[in-house]
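Q: So the sequence lines, in the order shown, correspond to chains A and B.
Position 78 (the first sequence) corresponds to 78 in the numbering used here; numbering is contiguous.
Position 388 (the second sequence) corresponds to 388 in the numbering used here; numbering is contiguous.
Just so you know, these hints were derived from the structure itself, not from any lab.
If you're wondering where the values come from, they're calculated on a predicted model, not measured in any experiment.
Every residue, glycine too, gets a C-beta built ideally from N, C-alpha and C.
Careful, some of the hints might be misleading.
[As the list claims (entries may be wrong)] Stretch-level coverage of chain B by chain A, calculated; a stretch enters the list once three of its residues show a Cβ under 8 Å from a Cβ in chain A:
1) 240-247
2) 552-562
3) 651-659
4) 683-689
5) 708-718
6) 766-774
Single-letter residue listing:
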Amino acid sequence: MKPYLTRRELLNTAGRGFGGLALASMLEANTKNPLAPKPPHFPAKAKAVIHLFMHGGVSHVDTFDPKPLLNERNGQTISAEAAKGLKTSRIDFTKAPMRGSPWKFSKHGQSGMEISELYPGIASKADEITLIRSCYGDAFDHAPGMYLRHSGSQFPGRPSLGSWVAYGLGSENQNLPAFVVMSDGAMKSGPSVYSAGFLPAMYQGTVFRSGQYPVLNLANPKGVSDKAQRNSLDLIAELNQHHLESHPDGTELEARIASYELAFRMQSEAPEAVDLSKESEATKKMYGVGEPGTDDFGRKCLLARRLVERGVRFIQLYSGTNIGEDWDDAHTDLQTSHTKMCKKTDQPITALLTDLKARGMLDSTLVVWNSEFGRTPLSEGAKGRDHHPYAFSMWMAGAGIKGGQILGSSDEFGLRAQEMPVTVHDVNATILRLIGMDHTRLTYLYQSRDMRLTDVHGENEFTKLLVG
Amino acid sequence: MRKQFKLGLSTMRWILVLSLTALAVSAQDAQLASRAAGVLEQRCIACHGPSLAQSGLRLDSSEAALKGGARGPALVAGNAAQSRLVQAIRRTGPLQMPPGPKLPDAEIAIIEQWITSGAAWPKNATVAAPAQTWWSLKKPVRPPVPAKDSWARTPIDAFISQKLIAEKLKPAREADRRTLARRAYLDLHGLPPTSEQIEKFAKDPAPDAYEKLIDELLASPRYGEKWGRHWLDLARYGDTGGFEQDPYLLYAWRYRDYVIDSFNNDKPYDRFVKEQIAGDELYPDDPPSMTGTGFYTVGPNRDMLFKVEDTNRAETLVDMVDTTGSVFLGLTVGCARCHDHKFDPIPQRDYMAIQAIFQNAEKTRVFLQYDPARTFDLQENARTAQLWEIADQFQALGASGGRGGRGAGAAGAAGAVGAAPAGGAAPPPPARSPEDEQKLKALEQRVLGMFRSIRPGPFAPGIHDIGRESPTKAYLPARSGRPPEPVPPGFLTALGGGKVPEPPVEATTSGGRTALANWIATKENPLFARVMVNRIWHFHFGRGLVATPSDLGHRAGLPSHPELLDWLATEFVDNGWSMKKLHKLIMTSSVYREASDVSKEANDHDADNLYLSHFNRRRLLPEEIRDTMLQSSGSLNLKMAGRPVVPEVAREELYGLSGNNMWQVTANLEEHKRRSVYMLSRRTFQPAMFASFDAPDGILSCSRRVESNTAPQSLTLLNGQWTMQEANRLADKLTGIADDAGLAEKAWQMVYARPPREDEVRTVKTFLERQTAELGNRKAAVIELGRVLYNTNEFLYVD
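Next comes chain B alone, as it looks inside the complex (with noise of 0.2 Å):
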């Protein structure tokens, strides 16, 4: 597939270096020579060319490779044999290049052949990485619209339509409304509309019916909940640190309702990427604006380990600079880390003037309130203090209570493969006076009452810079005898490059995140509008115009459809960055309202529908699956915002965690039914619909879900907990209906938004006599129908 897109990029290579060997040389030498530096360019340059020449060697002229390095020269022209280089690729020596799997025989014979014949170069030729001439790395510039033809409504269309065309592909019918108002809605808000909502569309006479639906869409708060969750997959959201104690990142969800509330605002994209990097410097008067750096926090940490502070300093910075890159500029900036970027024009001394700017950023708290957050904390100093007085009464009365060791509890003994029953009966209480439990009740009500009303403090996660003063300098590794070198903050020269300014004199801050933010947040960076549109395209479509969303390097091959891709970033620029109106515009166009049929030529020329001949069907995501089904059985709780949530989960299904109470099933059962997007997003541990759907485990970024096929989805989705609760809630309302056709109607009508056909209804006759006869009680069938409905093809896709 991306072979197809794949610009020989040897090609343009060769074509580089034969032009500038077009002097002086037999044309059967110049084109040994093309070969030969192809292969240099590919395996060697990176670390033996201007950037970092390892060893002090350079192959990238003639003359640097004839004086060769540290070890001496690197090759005798006419003899393969004794050339370091040749040596050194057949790993005859001790000396073993390049690092990793010995070059493949062809090209060792090409280099041994190349210099047999006189290692021929021209003069003064070099050989150069392909740098920027990368087309992400060029500023996109708004191409013409070709003529819309009769089908294409919107610009989008035109350009969908040229290609098309071109690839002799039609494309399908419009889709019905019905299965559009499923498309949009699921689409937009994650949630499939009821019958009355895809009733109310399908009768709209007015001829901007469809137009209306997707604003009207667009308003809801519901669209924030969808596509915050798209945000937080890249951000590797959770709401703890991960590994052996998971502990709760207290306020990550903070970050969470900021993002939600950033896409039901529609805060221009480029202002809402600000406010992530450096919201702590921009907008330091406006804490909600702050909350945004709390992207850097939410990811995971292992900060409450102990003695590997410098350990946990250094993947704090990799995470910082690797979730940067990816997110706000799709370039895999992280593979520097170690090295040159193997296929992207980014030296491993970037990502060290990237990595410098984050030197000085550490983790905080933004006060989302002044007064209260330090009125908060006083008071939590003042409970503590309180608590460690009350703890030495408690245990002057003999009942500390204690954790009673570490094998206290049962969480192992969810019945796994032999489980040791854990734990064991409490020891009887020792005997008190009546003085004594008296004191003890005073004590608990004390305990009780200071913590009856004790609520979230104004806080939210977040980064601040530690001051101007403080240095800002990453190093390059040493390296065969070079010490450590200092890099000082900067950009990606690959986009012009570029430092830090010294922050003005009144500064308090190093301001080196907002000068980052400002060169990465802004229509002067060639990646930064072209990697949101194509995020979003991906979202809508199922596959980005580039199908990687967080690499538009080499990589990711050439777009699908270039000159859409950068109409639509231009256009988003132009827009004010607004993405409600983006959605509106890929929405309304005619290539979003396609039929998903697949035409016989579609199947046969275009099977992954790289042109989008027809719409691509996809299923839900595990949050939807779980939303829709509480909606459909009428109990989906619309509450917004606020601390996670912990819904029941089969006992079971906690197998494996590391401790007791690390799923706190959350008190009131009302919050259990709340989407998705709000419950507890655990990094050790996910419900078993997550885990077996392909939810992401918030460990690194993830631009992209797989959708896989697994009998243990069909397992949990078949005979999990939460189906059987849905089933039995949507039973609730079904279960008064005594006529089986009245029945399955309703039934249909909530789970399917329509009515059943005749020949559904006695279906449901049979299916519901059947299992009332073998079940002994007609709820119990009923039960059964809702199962089957909510493991169903149409309840679990999208066409």
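Okay, chain A solo, but in the shape it has when bound (with noise of 0.2 Å):
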């Protein structure tokens, strides 16, 4: 309930108007502001994270997880023992063929992890990922699954992944979000998938747009100059500063008084950040910055390499919208999306590996890919497939992890999750861990439950072959 600059000793010197005081570094020695930099409970092996999310849905037997036997018995159904117990959202198991790939796989780097020809640029960087062929959830459709992927729950109102983050180990920069939120526009979920849930409003995800001015209301009015924003900034602290005077116990008052100052800097840095004119040509060419069809993504990776660079904790990017290009149109036409999904995301996603590593970075930074749930090895009429959350894949590079490994897998049909079938909660324990985070004291008292992102799971097996 209390606001978070209550310190005494801000009295002094917040409020007198803006500039001039090391303001950001108060903050930062300030217990009480909570997104202050917080200890983790290990020594962490990454100190940001990259989540990649394709928002729709890829297909794992496209992509990651290759299944001949598909190809094989293309045409045919499964048997009814196989298709007990599933249901998606539009296929019918007992009827609806099987269907092989139309990509090809080959094996790639030192350790020959098969990766599909539509992602060539990741694949070149088997040797940097862990693989993991056996995520598992039981939600499929996309709202629930989304809502199941970012905070352990098919419903709405607990917090995202990236909340957490930002609310345990609180952030390296006071003057831009700790979680940044970077999206092709409506969400299948609506934003509160990003959203802090029960946890204050300070640890929601904010929405870096295109543009000069990345964060929602960051520019000034229509036709206010720079100048005149500043008057009435000033005008602002003046009243503000002579009403503290009378009030003079109001330590939520300073508070106020600071977040305006920390708008203030955050109006000031965070154009910085996404004013890619710094970056060089090279750089921007390897992004696919500038390229139909990589411009878009190849921005966002950018961006989040120069937001991890500033301090960010946590930078979720998704692939797909609701209202346009989208992974799930593969429910028309699985061909025609995927080849064009890929084809936005992969050079985009390799750079941001390779520029990493350039960078050293990369060990201290943990990328995540991820969905939803996986696509049917099923066919959804002609050309489709269907939404599959019973096995599909994802893969998580840096923070120290051992690259060519693949961990689990799927049955011959990538129908269900076999060895080592891994849940959301095992992955969110697992990034937590690896951020330095023991997902058990990760806790939020909420109606008088101490609430946890994994809620009563725990780690496992999984947990440890990451971690080491």
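Starting from the two chains in their separate frames, assemble the complex, guided by the hints.
A: Put into structure tokens, the structure is as follows:
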């Protein structure tokens, strides 16, 4: 309930107009600032996370999990026994025919990891990534699936992974949000998927937009020049200072004054953070900036690197939108949708891994590639694949994770997770562990319960394999 | 903070055990035994006690522990290593207990020492969960009122004063009239007083001027709008269902209006709650009362998703039980869904007994007027059939339109990083013969005619009972070889228990919720009145006598003023459950009238102001910020009730919504100026001001709002469209005033409801000059002045 700046020391420094004060460092030193950097529970392997989320559902059997048997039995149905208990949004598992992948898989790197030709760039990084082929869940519609993969619950209202991380570790940079979101627009879950849930609003994901002013309401109102804005801010500060003098006990008033200072700092720092003109042509080219197809996601990946450099803790990137270009167009046309969406993301993601490594940042940055579910190994209609949460793939890189390893497997058809099935809780506990947090100790008291991202679930062999 | 009041729970337990262990064992063993008992009780008994006995094992008596469960004896006296209990808690074997994190080493050591020393356990002694001993589970007894001192005006003050003296704290001076007026207006109306209203009160010579003011405020319909909003937070109210489609809950707003009306009419609280739990059964001839059952339908739901009906039903029941428990009982009953409650004496069986009551509740529409409702349905049917026909004709004319595929529209193009332009230019319409054109026009006219006068039907959301013959059991899940066990409808054993009686022969419904409502909403229920008076106290002072208004169980600790809480609870009952009387009682007290100055003693010894030596300053809620801006710019529209209003928000704010048309702005611009409580409350989207200033998301019941301080809040208030809009409207009222002093006077009166000081007038002069020079015209400078005032702490805070 208390505002975050309650130190009396601030009284003498805050609120005397803007600029000139070492407020940011004071904020960092202030233990009552909930976004001040906090020590992790364990030595952290990574200090930042870039979460690449392929929103809409990526077909695992066409990207990271080869199933030659599907090609062999193309057009046949699976047995009633194999179909038992499986349901999804549109198709009937007892009637829909198996469908082989139209893409070729081949072995990559020292490890010989099999990845399809849809992702040639990522395939070239096989020795950098740990591939997990045994993810599973039980939400087969987008919104519940999105909530599940972000918050551990199919229902909205719980904090997103990024919010938990911001809550647990604070931020290295008080002038930028701790948890930044970049999406393609319309989310199938609505914006609540990156909300702070029951955590205070300060931990919610801040959407970065295109243009000079990435944060909502960062720009001056129309027609207000910088100088006029400055004048108005000065008057706010002056009136607040007067007010404070007659309320000398007003710690919450001081906090509010400080939040204008922060807003002002964000107004100057955020535009710089998103200014790609500082990047070399070679770098931009590597990310695919300027190229049709890759420009958009390339910019996001490049921005993600810039934000990590500036101390942003958690960057959530989405590829795919509910209104426009979408992985989920695979319902009706797998080939067109996946060709296009992989093309959009392959080069940028590859460049991100290359760039992070070249700058010595990969070891301290966790890169996660994820999706709310896979797609059915069975055909939807003539050309599509439906939602499939019972087996799908994801991968992680950076944070000192051993590259070139494959964890878990799905069955011969890619229908169900088989060896070492991995739930979202296993994944989240592991991500937290990699950034130095114990998921059982990262709690928030809500409705008289110590709430956790992983609810009542625990770490397991999977975590150990990844964290070492 | 909480710690301060936390009763030594474990101490209590040890006392219990110690008293039992007095016989037969040495003092040292007794001490060890009591400590071991403490561990067993806190860590094991919930599952291995009398209520569950999982795997057949009970650890509540020595006989039972030695006998063991399905896996054999739990302990071997004198041999810790051989004891299964130790292996389980040490996690050396396959059996790892308890589930979740491992026990602390110190606790494991206690158990080991105790077993090694022979596991002495006095005969007939049992370890028991501390059940009905918790203060909130005992009926409140009206305590004597302490002697009043000169400061105390009301019995409330006598209780407060007693504690202040004990804590060596002095109450703050009384706030001045201006401050009191602003406090009372915002507290009861969510709107500050205008300068005229302040003047009127400040100059009222009557000795009871303040009492009169409170009466006036309570009589205004603005009161229901403000306090109804508090209740809507608790009812996790929303106008849409959530998830991808986030569809409209078409008539949810009737429940919102019902709540506002109930507060305005000072509906007795017990009646208010009975209507919400079982209005359909209790008051079947009074549709407005039945509207109360909307409580169970205005939460999130995903009924529109297919193939998950079982999950939906389960989640609906969970929501019903959890919300009932936390809102009406102040107990986290929901924690007993999967296991016995870890802190409160609520076994999972009790949870299922309550769930069984809701098993045959089904969402329905309440007919507010029977005949018009039926007629509405008939007309809707006829209209739909006509539309099918018309659609055929449109298609025959090649003008079916269609949705343009999943990618149509442009909500995604709101300027996000790299947002792809979505949709495209519409294809040119096919050429039609003049005859067809005419037909098309006629069809269009027909459709228009059908919809021109369409209005919402006379319906409200609610629940009803699907009949007395329907099954009304819930099941304890199968566990460790034990089959699922049916649990009949019943009440919480911690509150006396009891079963739902068989419905009378002539009854058509099960009567389960009627029984529940009568069991909950009564003074016999120890929690019912306490919970509500504590909530009302919480909203007045910013903190309840119990800090967690929806949890009066063990985790809440003790109230800061237990006697006061009980006195208020009994007074509330004696006053016929009148909330308005309770408000007046509280607001006329001396403690409510304290200034918000913090003394040095308070700062040093009571930083959280538990003892209320001063008033707690608070920030306006986002609804209040918006409503207050509207009022101060002279544009607030006080129209009440009706369909939710969708005011314009900046296009950039809509970013991330799952589809187009999710924020269909209300056509009538006057509607945009209505109070925030009437604004569409969408589950997947909140306007930036609401999202950043900690408005609840309507997913789970919210009993107290967080008050965070962030940069995005300041950006929203500083640069957001709403602020600019009201600053513009304010400027419209001000720019006619040529002299700066006059302008400052008017601006200060409109926004702060006070005249400016001389130095402030000078400041305004300089500011306007500077901004006029910078922006090129005076109007723009005046707009800037308005924007500044809306961003100041004097505007944002209530003393």
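Q: Please count how many residues of the segment 766-774 of chain B have a CB within 8 Å of a CB from chain A and say whether that reaches 3.
A: Held - the segment 766-774 of chain B has 4 residues with a Cβ nearer than 8 Å to chain A, which meets the minimum of three.
Q: Tell me if chain A covers the segment 683-689 of chain B under the three-residue, 8 Å CB rule, please?
A: Holds, because 4 residues of the segment 683-689 of chain B bring their Cβ atoms closer than 8 Å to Cβ atoms of chain A.
Q: Count residues of the segment 651-659 of chain B with a Cβ under 8 Å from any Cβ of chain A, then say if the count reaches three.
A: This one holds; 7 residues, not fewer than the three required, reach chain A with a Cβ under 8 Å.
Q: State whether the coverage of the segment 708-718 of chain B by chain A holds or is violated, taking the criterion as 3 or more residues with Cβ-Cβ distances under 8 Å.
A: Holds: 10 residues of the segment 708-718 of chain B have a Cβ under 8 Å from chain A.
Q: Please check whether the segment 552-562 of chain B has three or more residues whose CB lies within less than 8 Å of a CB on chain A.
A: With 3 residues in contact (Cβ-Cβ under 8 Å with chain A), the coverage given for the segment 552-562 of chain B holds.
Q: Apply the coverage criterion to the segment 240-247 of chain B and chain A: a residue qualifies when its Cβ sits closer than 8 Å to a Cβ of the chain, and three qualifying residues are needed.
A: holds (count 4)
Violated hints: none; the structure is consistent with every hint.
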